[in-house]
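*Asks:* Just so you know, the protein sequences line up as chains F and D, in that order. Numbering follows the working numbering, in which position 127 of the first sequence is assigned residue number 127; successive positions increment by one, without gaps. Numbering-wise, the working numbering comes out as the position in the second sequence, counting from 1, plus 1000.
These are computed hints drawn from the structure, not numbers from a lab. The reader is advised that the hints may include incorrect statements.
[As the list claims (entries may be wrong)] No more than 30 Å apart at the CA atoms, straight line, and that leaves these computed lysine-lysine pairs for DSSO-like:
(1) D:K1269 / D:K1147
(2) D:K1308 / D:K1368
(3) F:K29 / D:K1126
(4) D:K1460 / D:K1345
(5) D:K1220 / D:K1269
(6) D:K1368 / D:K1345
(7) D:K1368 / D:K1340
(8) F:K65 / D:K1126
(9) D:K1083 / F:K29
Every value quoted in this text rests on a predicted model; they were computed, and no experiment measured them.
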Amino acid sequence: MRDLARRLLAATQTAAVPHVHEAVLVSDKLRISLTRFAGVDGFTSLQRRALVLARAEVPSLQSVKVGADGRLEDFEQLAADTGTDAAAAAAAITAHLLGLLVTFIGKPLTLTLVHEAWPDISLDKSHSTREIA
Amino acid sequence: MSTNGKDQGNGPGHDRVTIGQLPTGVPGLDEILGGGLPEFSFNILAGAPGCGKTTLAHQIMFANATPERPALYFTVLGEPAIKMLRYQQQYSFFEHVRLDGAIRFINLSQVVLDQDLGAVLDAIVKEVEASQPGVVVVDSFRTVVRKAQSSSSTNEVELQGFVQRLALHLTSWQATTFLIGEYVEGELRDNPVFTVADGLFWLYQSVERNSIVRKLQVMKLRGQESVPGLHTFRITEHGLQTFPRTFGLNNNRSDHVKGRRRLSTGVPKLDVLMGGGIPEGDSLLVAGPSGGGKTVLGIQYIAEGLTKGEPCIVAMFEELPNEYMQRAASFGFDLDKNRKDGSLKLIYLRPLDLSVDETVNEIVTAVKEIGCKRLVIDSLVGFEMALAPDFRTDFRESLYRMIGALTRLGVTILSTVEVEENFTSMGLSNFTISFLADDILRLRYASINGQLRKMMVVVKMRRSQHSIDMCAYEVTSRGLQIGEPMRGYRALTSGIPGPWLESPQSQIEPK
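With the rest of the complex left out, here is chain F (with noise of 0.2 Å):
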């Protein structure tokens, strides 16, 4: 999931907005597309799991937060901060939200969501679930 984390942040950062980090850009886009099927609350939850899992491996998401409504919050903050690779935040939050819907509804769902999102990403959904959970 890593890598397609990167490849989303990649192509979000190209048509990036001025002032917003492409990490709320991507999460914005997917919660678009998750909550329509999932509700606000579960997206929500799930974004807020995705968050906990991505502290572990970047402390300084700590500052983070989730809204009541499932956006990132206070990213561009910690994005400013010298010191901080907001770049390996930004792929951990965005992996671990894509890895978690692996895990619960199989990576061919997974995939055909992100499509609905970036239709313009080729999406290789010949991988098994394991190699990139």
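Put chain D on the given structure of chain F with help from the hints.
*Replies:* Relative to the frame of chain F, chain D by itself:
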């Protein structure tokens, strides 16, 4: 979308609309429904939690959804969508690729929680108009109604108006709709949802002793004739599978005439006693005590059919197939090659919680598969024991339907039933099922001069003459060997005969 469209009564003066039918994707269910789901109908899938409503809805979706006419699945405060997908994808019908546009899940929980029925209707209408689905599911609709009823501002008329507008809109947009709800039967009365619905499918799950029994009933279905009554179903890795009470033989208009020819039992002297063998398409009941040779007679009947090129089936409930084959071999019948070439099929049925309909479904499938002419059911006692307790109460009725259905196909059935012997009378079976049989052969023991002798008598041959002799017989290494009529005895049927008064004493000498 594929339909089972059929022409309905377009004869002179009957220019009726043709109602298309959608496949359910559930084995057996299309037959119960009378061909399939009426297209553009508004239906309720009702039942207690865990009875299979969501799985049924998924099977219907996967059977019909296409990218052009997708299926929309609205989830409302029920099972979270992520968990539902997690579990539903375990079924074999769940094809991931269909979620790439043919099947879409939409969460309406927030709308239901935060807004009124009008907003719920607007949300559904918006999605339906955007996607133009062929199938729409709302899971759980009961939650929508419950939320509305909890609001002091929503009265019953408004609720009925909402349901009516929803049905009208979805039908106008040519969607076939399924509302899923955890209802109990007591709620049927005066419920606006049930009033508006075209179809009402009720799923039951009951526990009796250690068994779980699942049944489905089509309580209402506008526009077509469904099969009434409760139909058992099972949930397996493939989803729901129903077992129609018609046994999949609804459309069989067999031109078979019973008794057109006689089938040899494989025991020539028995054929003579029966007036020439078993009339083709009859059901013969072989009733007798343990060790009386019932199974051996069944083996001889099957072996005889196989030598004549007639495909045969043995449905066994007591012995394992390999044991059965060994037993046949011990009497000189090598059935291995027939089993290998498919002309002999052994069906071993001994799971717990079996239903008669499920058993018959398996037998009927095999009958159709190999074009079976001879069927042995060994034994009815074992058959009954394999059933869930709930089904045992209906055993006779189910057996009656099963034997009727199979013999109409031209299958000639030999069923064995164990009779607990007493030495005061000659009962035909402990199950009072002899009315099921066209023909009855009774085997029994008789105590004669310190020996337990075997005797048999043809009790009944429907529509034909038969011998009334009670004949001695033995079970030898080559099968049943029938001897001479047992003359010179009185009260043979009691099992404790005495000398016939007019007969010379010599006739009751031991053999």
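*Asks:* Check whether the Cα positions of K1269 (chain D) and K1147 (chain D) lie no farther apart than 30 Å.
*Replies:* violated, 76 Å
*Asks:* Is the hinted pair K1460 (chain D) and K1345 (chain D) satisfied, with a Cα-Cα distance of at most 30 Å?
*Replies:* Holds. K1460 (chain D) to K1345 (chain D) sits at ~29 Å (cutoff 30 Å).
*Asks:* Quick one, are K29 (chain F) and K1126 (chain D) close enough, alpha carbons at most 30 Å?
*Replies:* holds, 22 Å
*Asks:* For a C-alpha distance cap of 30 Å, please report whether K1308 (chain D) and K1368 (chain D) respect it.
*Replies:* Given that 30 Å is the threshold and the Cα spacing comes to 19 Å, the pair holds.
*Asks:* Does K1340 (chain D) lie within 30 Å of K1368 (chain D) when you go C-alpha to C-alpha?
*Replies:* holds, 18 Å
*Asks:* K65 (chain F) and K1126 (chain D): Cα distance at most 30 Å?
*Replies:* Violated, at about 33 Å.
*Asks:* For a C-alpha distance cap of 30 Å, please report whether K1220 (chain D) and K1269 (chain D) respect it.
*Replies:* Not satisfied, since the Cα-Cα distance of roughly 55 Å exceeds 30 Å.
*Asks:* Is the Cα-Cα distance between K1368 (chain D) and K1345 (chain D) 30 Å or less?
*Replies:* holds, 12 Å
*Asks:* Mind checking the alpha carbons of K1083 (chain D) and K29 (chain F) for me, to see if they're no more than 30 Å apart?
*Replies:* holds, 21 Å
Consistency with the previously given hints fails for numbers 1, 5 and 8, ordered from lowest to highest.
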